[in-house]
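These protein sequence lines are chains R and P, in that order. Heads up: the first sequence is residues 1 to 414, going by full-length UniProt numbering. Heads up: the second sequence is residues 1 to 414, going by full-length UniProt numbering.
Wrong hints could be hidden among the right ones.
[As the list claims (entries may be wrong)] Covered by chain P, according to a simulated footprint, are these stretches of chain R (three or more residues, beta-carbon under 8 Å):
#1 98-105
#2 151-158
#3 199-211
#4 228-239
#5 251-257
#6 280-288
#7 356-366
By construction, these hints were calculated from the structure, which means they are not laboratory data. Just so it is clear, CB atoms sit at the ideal spot from N, CA and C, and this is done for glycine as well.
Number of protein chains: 2
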Amino acid sequence: MKPLEHREASAGLLPLLEELAAFGADPEGGVTRLLYTKPWTEAQHYLAGRMRQAGLSARFDRAGNLYGRLEGTDAEAGVILTGSHVDTVARGGKYDGAYGIAAGIAALAYLSRTFGPPKRTLEVVSFCEEEGSRFPVTYWGSGHVCGKQDWAIASAASDPDGITLREAMETAGFGAPEQPDCRRSDLAAYVELHIEQGIVLERGCEQIGIVETIVGQRRYAVTLAGESNHAGTTPMGLRKDALAGAAEMIAALEAMALEQGDPLVATVGRLDAEPNTPNVVAGRVRFTLDIRLDREEALARFCALALARLESIAARRGLAFEAVNWLASSPVPMDASLAALLERASEAAGLSHRRMVSGAGHDAQLMAGLCPSAMLFVPSRGGISHSPDEYTAPAQLEDGVRVLAAALHELAYR
Amino acid sequence: MKPLEHREASAGLLPLLEELAAFGADPEGGVTRLLYTKPWTEAQHYLAGRMRQAGLSARFDRAGNLYGRLEGTDAEAGVILTGSHVDTVARGGKYDGAYGIAAGIAALAYLSRTFGPPKRTLEVVSFCEEEGSRFPVTYWGSGHVCGKQDWAIASAASDPDGITLREAMETAGFGAPEQPDCRRSDLAAYVELHIEQGIVLERGCEQIGIVETIVGQRRYAVTLAGESNHAGTTPMGLRKDALAGAAEMIAALEAMALEQGDPLVATVGRLDAEPNTPNVVAGRVRFTLDIRLDREEALARFCALALARLESIAARRGLAFEAVNWLASSPVPMDASLAALLERASEAAGLSHRRMVSGAGHDAQLMAGLCPSAMLFVPSRGGISHSPDEYTAPAQLEDGVRVLAAALHELAYR
């Protein structure tokens with residue numbers, strides 16, 4: 001690789017990120033830009049304008065994915081795609097997703113003005129949806145690109161206000177059969193730049209993370225049914241306390257996960273007790289369980305052991321136990337030669353780097369089924385994400401764009 | 001004691017209980033009769049009418065406590081009082097409180113028609129409030145009778161709709177300084193009949209429970225503050241998971257309570273996690289702690305040990321810990337000679353009985369500061385109370401009235 005430093009690649013990045021953050025800015029802090037809402041629609045059209053200003057041709061597909069295209073001289077060669085998703089969680093940060101889009105626009109503008117037209121066509125994508133924050137659907141954007149989403153669910157899925165995905169999509173101006181098809185069969189590579197959303201890079205004082213594998217996930221909804229009783233009049237030995245049972249289970253899960261060791265993570269993030277009253281023994285508890293690991297077989301084994309452990313705790317306590325597995329995804333390895341390319345690009349830019357696992361899901365895990373795909377991370381301060389406090393320093397954001405630009409240059413201009 | 005069986009004492013009891021349950025009947029089941037609401041007001045006036053029909057003179061005091069009086073021939077002798085509270089929890093049962101009032105009316109009517117006027121005046125009371133379900137105040141009725149409530153808090157305490165206790169009281173027709181004072185100094189004894197609200201009698205196949213002590217209580221609001229992080233990207237060893245911390249604490253509390261043994265009970269009935277999202281490590285958890293025991297010194301010792309244990313768990317996990325003690329009451333022993341009288345009355349009626357601790361709070365614990373007081377229990381099916389499923393069989397309800405009538409006969413006619 002030519003020792004280009006690509007220091008100019010991130011020109012315009014920071015202002016664009018700030019402008020994007022205005023679409024859905026929450027008065028109390030953070031950004032709420034849910035799929036097909038007004039702030040979302042305005043953001044996508046704003047981005048289309050910025051793509052055009054950057055010398056890219058902009059177009060939407062039927063789902064509302066937005067592409068900016070820098071035409072290559074070799075019409076036969078596959079397209080090199082970069083980008084990320086434009087939607088956010090409720091009161092999320094301004095980097096998750098948005099950074100990968102803004103970085104892609106900046107990098108393509110830089111490559112175009114510095115090196116002229118590429119051999120292979122370069123595109124940047126603003127995927128319409130990844131977070132699953134408005135509708136019970138995730139990867140609505142990249143899933144359509146890969147042929148892994150079904151238009152039929154748009155009529156079935158509703159947001160908390162009862163608006164269907166189809167209604168919302170049509171209101172935003174998308175979903176019509178005559179709009180351009182989402183499926184792509186012309187992609188040669190996908191490279192996604194994203195904030196880490198974790199504390200591995202920060203703790204290790206490293207500048208760039210190169211993802212080897214996106215973890216597999218299992219999510220369960222667990223329900224425990226015991227007996228709701230008066231907290232004063234029910235002796236300890238005669239209780240079927242669903243909350244005490246849940247507590248024992250959560251403690252056991254944590255111990256099992258610590259024993260298994262990194263990178264396995266097991267999280268109970270949500271717990272709802274009934275009646276949830278100080279002086280009443282809880283008769284029912286529902287909690288969620290989220291387990292992630294980068295090896296499918298070990299993940300399946302851990303989940304089986306964990307569920308058996310929970311079930312035995314429930315049985316000993318006389319609690320009815322139900323665990324519904326509502327999400328199961330296998331680990332997705334990233335493309336090895338693209339990862340090696342990102343590593344060389346980091347070296348050439350003089351940036352410290354490490355291979356790592358992504359514990360979060362990303363569009364790249366869908367795209368990997370369609371074309372060789374890669375991901376690179378920059379640090380997240382304190383590992384905080386999905387929060388108004390999400391932050392990555394400007395210099396760190398620029399580091400990521402340098403590596404991205406170098407990789408795109410290598411892929412599209414050689 | 002004369003071996004009177006008092007089988008006729010409960011005439012009219014069951015219809016009266018059903019009629020009372022109509023005031024505040026919830027369309028989805030259960031009874032919601034909160035202090036000074038329309039159903040409450042209608043219920044108290046209805047009871048006044050039923051008292052008069054039973055040959056008692058009826059009167060309200062300033063707080064809205066209702067008394068029915070059967071005048072004794074000895075004007076110098078202290079008054080023998082029975083009764084309970086008319087208010088309910090939200091969607092409560094039809095026995096908690098109401099049973100003690102209906103039983104008192106039935107017993108006084110029976111004694112009057114069977115034995116004529118008593119030597120000592122007999123009264124039945126329908127206390128206005130005991131549950132603390134509408135305003136953050138408990139024992140608003142018996143507290144005023146005992147001089148342990150302050151009218152000033154009526155302006156400060158509000159219900160969830162922002163209505164002050166004073167406004168509600170005035171709307172219901174009470175609270176005026178010219179209304180009869182609540183304080184009593186003429187009472188010789190108080191005997192309260194109540195459903196057990198526990199499963200001790202049912203498990204023991206016993207018909208009557210005679211309370212030796214009403215437990216002391218400590219209630220705490222515990223807050224744990226950790227770090228909210230992405231569930232996928234935060235290694236187990238780098239977490240400050242407030243929910244995992246709470247789980248370890250709840251499990252430890254349960255183990256300590258079981259080790260201490262009956263009658264100590266320790267309950268975490270309410271738990272609220274933040275942000276309470278499946279894929280986010282909980283950054284903050286608040287939970288309640290309710291500890292009860294019949295010996296003050298042992299209760300204080302257990303609470304100190306429990307809090308020290310929780311604090312050490314929090315410290316080890318790097319969680320900020322706060323425990324606010326918002327309720328502390330000492331155990332209240334019932335009058336020993338009244339308990340012995342109830343025991344003899346149960347024997348005479350041929351009913352199985354046991355001495356026991358009341359794990360629930362009752363008006364009798366206030367009244368015990370004013371005059372010799374006693375409580376007797378009948379079984380609660382499944383120990384279920386504060387629920388539409390609260391149930392005691394008619395024959396069991398009648399058993400209680402027989403014992404109550406025998407005790408009142410012994411106290412007032414001899």
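**OP:** Output the numbers, in ascending order, of every earlier hint that fails for this structure.
**Re:** 1 and 2
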